[in-house]
Every structure is written in structure tokens, then in C-alpha cells.
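A.B. asks: One letter stands for each residue in the lines below.
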Amino acid sequence: MTVKVKVENLYKIFGRNSKAVLKKVKNGVSKEKIFKENGHTVGVNDASFEVNEGEMFVIMGLSGSGKSTLIRCLNLLNKVTDGKIYVDGENVVEYNKAQLREYRQKKVGMVFQHFGLFTHRTVLDNVAYGLEIKGISREKRYKIAKKTLDTVGLDGWADSYPNELSGGMQQRVGLARALANDPDILLMDEPFSALDPLIRREMQQELLDLQSDLKKTIIFITHDINEAFKLGDRVAIMKDGIIEQIGMPDEILANPINEYVQNFVQDIDRTKILQARNVMFKPSSIISMKDGPKIAIKEMEQSGISSVFVVDKDRKLQGIVTIDDAIKAVKENRKLKDILIHDYHTTNPDTYLQDLIPYATEGKYPIAVLDENERLQGIIVRVSVLSSLVS
Amino acid sequence: MSLFPETLRLDLGIYVERFVKWLTVNYGDVFEAISNGVLAFLLQIEKLLMWVPWWMVLGIVFIVGWRTKNTRSGFTFAVLLFLIGTFGYWKLMMMTLAIVLTSVVFSLLIGVPIGILMAYNVRVSVVIKPILDAMQTMPSFVYLIPAIMLFGMGKVPGVFATTIYAVPPVIRLTRLGIHRVPKEMVEAAHSYGSSFWQTLIKVELPQALPTIMTGINQTTMMALSMVVVTSMIGVKGLGDEVLIGINRLDIGRGFNSGISIVFMAIIIDRVSQGIASRFKYPE
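From first to last, the protein sequence lines stand for chains L and V. Numbering (the numbering used here) for the first sequence: 1 to 391. Numbering (the numbering used here) for the second sequence: 1 to 283.
Extracted from the complex, chain V is given alone in its bound form:
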């Protein structure tokens, strides 16, 4: 009798399942509308990314790397990007990038307001913090299930799962950034008769911006780390290539696509860090 008694069984999962099913049955239209909106947005970004000539993308990456860091960095980034092209993954990379960017945009749209709310209201903060902890510890595969149930297969559930996985850093760092604005500075804003919104937009958000930028950097990296996972629900892109590589035990293909994701990660990380550091004010 050393094992847990079999009579004491509670299936939490079934309630979650029921809830998601209930959502799909009763709010199917809402999810379809959301789905269409997200898809339209995603396709626009994808179209834009594919419209830009490849040499121009190299040029842009070089210039951004050069302006935010130094010439060597710019050159390295451009070379890495060029390599991805030579692997034959240009189009797949742009598809992946489109998913990542879309997810980051939605993360910001959701995350910044929640972060602000948490900074202003201790109770909201107390409720949301453990949820964020849970979201970050939950194996990312789990998000695929509700994503499929709500949105079916394809890009939209991919964006959905990626956004859920990637949103916590933006929320946390927005809260932190606003929380850390010196008290006297906020008092000064109030003492000149600023309204709530004026204080927020003219003082608190600009002050929090460097911290929020760090959050965006982290969110972007997390979104990128989801590309392989989301390929399991039919998202095309570099992640899909990795999956094929695994399924066929194709080492070369797996390596090419895997290293491409690494290159992308390096470029995106350094470039967004470089941009973020631009927003820092002298202390």
C-alpha cells in the first residue's frame, strides 16, 4: 500500500477540455473572426518580407548592425544571412520571420497593457504573477492542443501558441519598467497637473522604454524558439524543415535548417539588443 490510493482520482484536465470545447461550440464565430484577422495580418507581413529583394535585406541588416553596434557586426550579420540563402532557405526563413514578427506584435498588444495594469494595481499583479510563472514553466507543446481546438491546423494556431508562450517577458518587464520610474518624477508630473494618460504617455512609458525593449528582445527570442514546436501543427517554415529532417533521419537537412534558425536567432537578438540600447538614457 505504498502507492497513492486509486480511489482518490481527480481529473482536472477534463474540465479544461470541457471549457475549451464549450468555447469552440459557443464562440466559434468569434474565433473564426479572430483567426481571419490574424491570418490577414500575417499574410501582409509575409508578403512584405518576400517582396523586399534579398540583397536589400542583406543591406538593411548590415546597416542596422553597423549603426547599432559596429562595422564588423554588421558584416557578420550579413554573411550569416547570406549563408541561410545559400542553403536554399530564403523563403522558409521569411515565413518563419513573419510568424515571429506577428507573434511579437500580438505579444506587445496584449503584454504592454497588462504590464501597465499590474504596475498600477497590486491586486492584479498578485493574481497575474503566478499565472505568468505557470505559463513559462508549462512545456510549450501543451499550448498546441488548445491552439488546434480553437483554430484548427496552420499558421493561426501557430501564432496563437507562440504568442502565449512568448508574452510573459513583455508583461513582466513593462510592469518592472513602470514600477521603477522614480517616485519624485511621477510626483513632478502630477504636481504640474498631468492627467493619468499624460503621466503614462509623457513620463512613465518613455522612462520604462529601455526596460520594455529588453522585454521585447526576450519575447522575440522565445517566439523564435517556438518555430520547431509549431511546425507540429502544420506551420511551414524553418521549423518544418527540422521536423522533416527528424522524421527522415536526414542529418544534412536537419543541420542546415537547424543552423539557419541559430543564425536567425543571433541576428535578431543582436540587432534588437542594439536597438534597445539606443533607448537607454544616460544615468
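Excised from the complex, chain L in its bound form:
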């Protein structure tokens, strides 16, 4: 994996005399004390992190944690007080005006919390804005903009004005405006926070779908821990301008670094974060179609289970055999395929636990996790699903 964005010891202090205050901050004087004594606000305090190419990196924090300040440093809407930001190996903090404009025009696009749409322009002209700034001809930029509008599901709205659209649709325009420029990096500053919960969930899913095609490097800001853990390949948790912990969602869930993070993690609905792949067992005991009922019985006996999945030679799932049926089959001298049962539930590794809860509560057998080729990847027993509801 290549590192796309690398932030090193980034500081952002608001106030007239930020350079002098910087020393104090570096000496560990607290944010409150600095505000009291110098009237300066510490926005970002010694932030360092890396974002890989194609990764969705979520920065999560409450209001005032400096997350929006931090993301605005990345495209230099905020002037950085100290530190380095490498994008493709170049320190963008040192860019001159012309370089900065080129960086913003070509490499990085931004989506805003309150959409930041130009209300005096049509949807199409909004989406084409970045291209217009780059000096691309009207015909060409409209063509690209129309295509991008299709991607976000807004074909047919090109000639409307932003204020004629609903919140969710407006943010689609915001997203399309960023995508039309085809930047490597997408900065998303709480893009879904202003939307109502239903639309928000829809947009989250669509962003994930889009991302699986586009593979952009996305830096996403949110104050919602559930959103952070749902979307993020990795998550950074910020407090008072300091990044407390960076890690993959399940890492942070398993090992919160301090009490602050722990408190956040408690609020999480794990069933919305954990996927089938996180709780499934590797199927240690499975039997093959060519095995007989006797081997099935032996297998179950050894593993101490009352049913076992049966696969063919390509590991494709064929069915499940219970211990009762197997014993009966041995007595009646029947074959394994005669006693296969098919009324179990299957799922794929990416399914969230919340969608598995009904299967887990009603199903008699474990849930089979299959990949796209129907091969058995793992099994989920009901206790794994249901226990996640309480812990």
C-alpha cells in the first residue's frame, strides 16, 4: 500500500501571535490555559497520521475537538502554524500560491457540512465549477458534469437550482462537484451531519458503494462514532486538538487506549460495526460429499457439535447434516446426500450483524458464510451474534 497523505506534527493555532504561542503549546501548556493567558485557540495539537491510497480514513471527534480545523489544513483553507503535510511525497505546506491553486484544482476535492453550493448557479454549473476554474471548455465540462450527476443519481436535475432540492439531494450535488474534478483525495467535512437519519444512512451506504468503484483516498470527518466505525477503514479519535487513537474499528473496539476512547466505544452499537467476517469461525469441522454418514458422526463427536456442513471438492456448500439424521442413515444404510438439509441461512462476509440477528434468533442451525463463488468461508453460531448485543 502506498502512503498518499502523510501528516507530521501538525499544529494549528488561531490568533495574532501564533508562532510565539506555538512554543508554549509544544512545552505542553494546556489548551484552556493558553486561551486564558494568550487569547489564542489551539485548533490542532501535534497531529501525525498517514492515509493510504484508496483508504477511507475517518477523523472522529466532538465539536471543538479540532477535526474540522484539521481537515481544512489539508487543503490549506487554514494556514498551518507548524508541521508538514506530504501529499504524494510533496510538502504542500510550502507550496506557493500558484502551486497551491494547482494542488486544489487537481488533487483534492472537498465536500462541506452545509453543502456550500453556489445558490446562484444551476446544479450543472455547480458540478462543473471546478472544471470551469481549470479552464475546461463549456461543452466538455458540461459533458463531464452530466456524467457525474448520473453517478450520484441526480440525472434530470441539471437545470434546477440547489435550493429547489432536498438536503440529501443537495449533498449529492456537493459530492458530484467534488467528483467531477476527479481528484485523488476527497475531503469530506461532516457531509452527512445536516441530513436526517434515514437519508444519512442511505448516503453512507451509497458512499461505500461509490468508494468500492472509485477507490479514492477519502478523509472523512464526523462526530458520530457509529458513522465513523461504519465507514472508516481506519478511524482517528480526536479530543481538544489531539489525536487520541488511530486504528481499525475492531482494533479500537478491542483495545481502547484510554478512558476517553473507552467512553465513546461504549456507545457503539456493535451490530452496526461488526460484520459476519468478524465473528465467524473458520470451519474446522466440515465433511465432504464423498464421505459417508459414519464419518459425519465421527466428525461431530470429535468437535462436540450436533450438526455439520457438507461441501463438495471445491468447498462449495451442499447442505447440513444433523447427528440424529446421520445415526438414522447409518441404521437404514442410506447415503449422505439423502439426508442433507437445506433450510439453514447463508450470508456473505460483509453483512452487518444487525442484519443477521433475525436469522440467529429463529434459525435452528448455524449461519453459513459464503463467498461470491458459494464457497464456505466460515460459520456463525447464534451465540456470537447474540452476545454482541450485550457486550
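These aren't lab readings, by the way, just hints derived from the structure by calculation. Computed from a prediction, not measured in an experiment: that's the story for all the values here. Don't take each hint at face value.
Under 8 Å between C-beta atoms, here's a sample of chain V residues computed to sit facing chain L [what the hints assert, rightly or not]:
#1 E184
#2 M185
#3 E187
#4 H190
#5 S191
#6 Y192
#7 G193
#8 S194
#9 S195
#10 Q198
#11 V203
#12 P206
#13 Q207
The beta carbon of each residue, even a glycine, is placed where N, CA and C say it ideally should be.
Since the structure of chain L is provided, determine the placement of chain V on it from the hints.
C.D. replies: Okay, now just chain V, sitting in the frame of chain L:
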């Protein structure tokens, strides 16, 4: 000894006078060039206004009133204009209109850039705001004196005095309009790599336009309110008629010309408001 001591006297006016005199002596050529330019521009507008046939002007006013408001308004405007014609003031009205329009154009040329500068720079804003307050509170007659000293008598000093009097609303509302553009919208413009001018022209000015249009409306009305005052330095037009009416105690003449100015004000105000409302975007 209750009155202010006579020994403590400061004559500020004399310095202003000296400054204006110094200007006329040292920069006489510059003012003459400006004067010629303004006059040429004014005469062109006057020529154009007088060239258009009267019935066509009625038609235009009707159509504009109808399109921006409704049929009744358009009809009312046309009738009012027709009345001014029947008073025998068509030509004088066009002369007055030419002065007003010229002053508005110069107000815009001066006011919009100053307003933009104020929106961008707090220090400029702090300096200019009290000046604008002073300009609006200063009795409008006072502007006639430097106008005469710099440009002599006639139309050009009339335009000069009118412009000074009428420019503050455009400046204020341009500043306000740009100041009120949502921060995120400006950030969005910057985040796509817009230059200063691109941000200004493609985002900030269009966003500020409805507010600026309100400023233009106010400026126009203020310019119109100067027509009687400027007639004192020899500007011909409806204002001059009012002045004659006063001097000769000619009630009829005073009424005819006075009511004509009112009619003009109504038409210009409503029409420019109608046009301004066209520039509003749905919120």
C-alpha cells in the same frame, strides 16, 4: 461669561478652502479633462434619451412595469409619464434623467470597488464608514461649493455633487452583500483552486448582486432628490423649473414641476425595485 471664549477660535473651513483652491490651481488640467469626459458621457446619454420617441418610452415603461410587477403597475407608470408630457416637461425630464443616470453610473464605478475593498479589509472599512456617515449627514447644499470651485457652473458640477451625495448606499450595500456571502460558499470556491478574481466574479459578486441592486435603487433615489439642489448651480431640468417657481412665487409652475419629480421618483423606484427583485435567488 457664559458664552464660549472668543479667543479660542479655530477655522477649519479655511483649510478646506485652501485645499480646494490648491487643487484647482495645481490640478486644473486634470479637472478639466475629467470635466470634458463627464460632459461627453452625459451628452451622449441625453442625446439617446431625447432620440427615443415619446410613445416608445411609454411603451418601454409599460412593458418593464408589466414584466417586473403586473399589468396595472405598468399601466400606472405609463399614465404618470404621459402626465409629465402633458405638463410640457418631456425635454426637461429627459435632461434630469440624464443627470441622474450619469450620476448613478459614476456612483457604481466608484462605489462598487470601494465596497469590495471594505468587505475584504477591515481597516479600510473602519476608515471609510465614518466618512460615509458624514457624507450622508452633511447638508447636500454644501457639496455645491467644491463642485463650483472645481468644475465651475453647469451640468458637470451637478453630476459631481449628485454623485458624492448619492454614492454611500452603493458602497454600504456592496460591502454588506459581499460580507454576507456564506463562509462555506467562499471556502468551497477556494477549495477548488479559484483565484481571488475568480472567487470575486464567479461567486461573491453574483451572491451580493441582489443586495447591490437594493443599493443602486437607493442611490438612484438619492440622486433624484438632488435635482432641485443642483439647479442652484445652473443645472437645467425639472429642478430648475421648481427653482423658478419659487423665485417667481409661481404656484402652478412649482406644482407641475414638483409633481413631475414625484412621478419620476415613483416610476424609477418601482421599476428599479422590480428589476432588483429579479436578481433574488430562492432561499
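A.B. asks: For the hint on P206 of chain V, just tell me whether its beta-carbon gets within less than 8 Å of chain L.
C.D. replies: Holds. Min distance 4 Å.
A.B. asks: Hint check: is the beta carbon of V203 of chain V less than 8 Å from a beta carbon of chain L?
C.D. replies: holds, 6 Å
A.B. asks: Under 8 Å, Cβ to Cβ, is where E184 of chain V needs to be relative to chain L, so tell me if that hint holds or is violated.
C.D. replies: holds, 4 Å
A.B. asks: Using the nearest Cβ pair, does M185 of chain V come within less than 8 Å of chain L?
C.D. replies: holds, 5 Å
A.B. asks: Once the shortest beta carbon distance from S194 of chain V to chain L is found, is it less than 8 Å?
C.D. replies: OK, holds: S194 of chain V within 8 Å of chain L, min 5 Å.
A.B. asks: Checking hints one by one. Is E187 of chain V an interface residue toward chain L, by the C-beta closer than 8 Å rule?
C.D. replies: With a minimum Cβ separation of about 6 Å from chain L (threshold 8 Å), the hint on E187 of chain V holds.
A.B. asks: Next item in the hint list is Q207 of chain V. Is there a CB on chain L closer than 8 Å to its CB?
C.D. replies: holds, 6 Å
A.B. asks: Does Y192 of chain V pass the interface hint, meaning its C-beta sits closer than 8 Å to a C-beta of chain L?
C.D. replies: Result: holds, 4 Å to nearest chain L Cβ.
A.B. asks: Could you check if Q198 of chain V really has its C-beta closer than 8 Å to a C-beta on chain L?
C.D. replies: holds, 6 Å
A.B. asks: Would the stated hint for G193 of chain V survive a check requiring a Cβ distance to chain L of less than 8 Å?
C.D. replies: holds, 3 Å
A.B. asks: With 8 Å as the cut and Cβ atoms as the points, is H190 of chain V at the interface with chain L?
C.D. replies: Result: holds, 6 Å to nearest chain L Cβ.
A.B. asks: Would the hint on S191 of chain V be counted as holding, given a Cβ-Cβ threshold of 8 Å to chain L?
C.D. replies: holds, 4 Å
Going down the numbered hints, you'll see the structure goes against none, and every one checks out.
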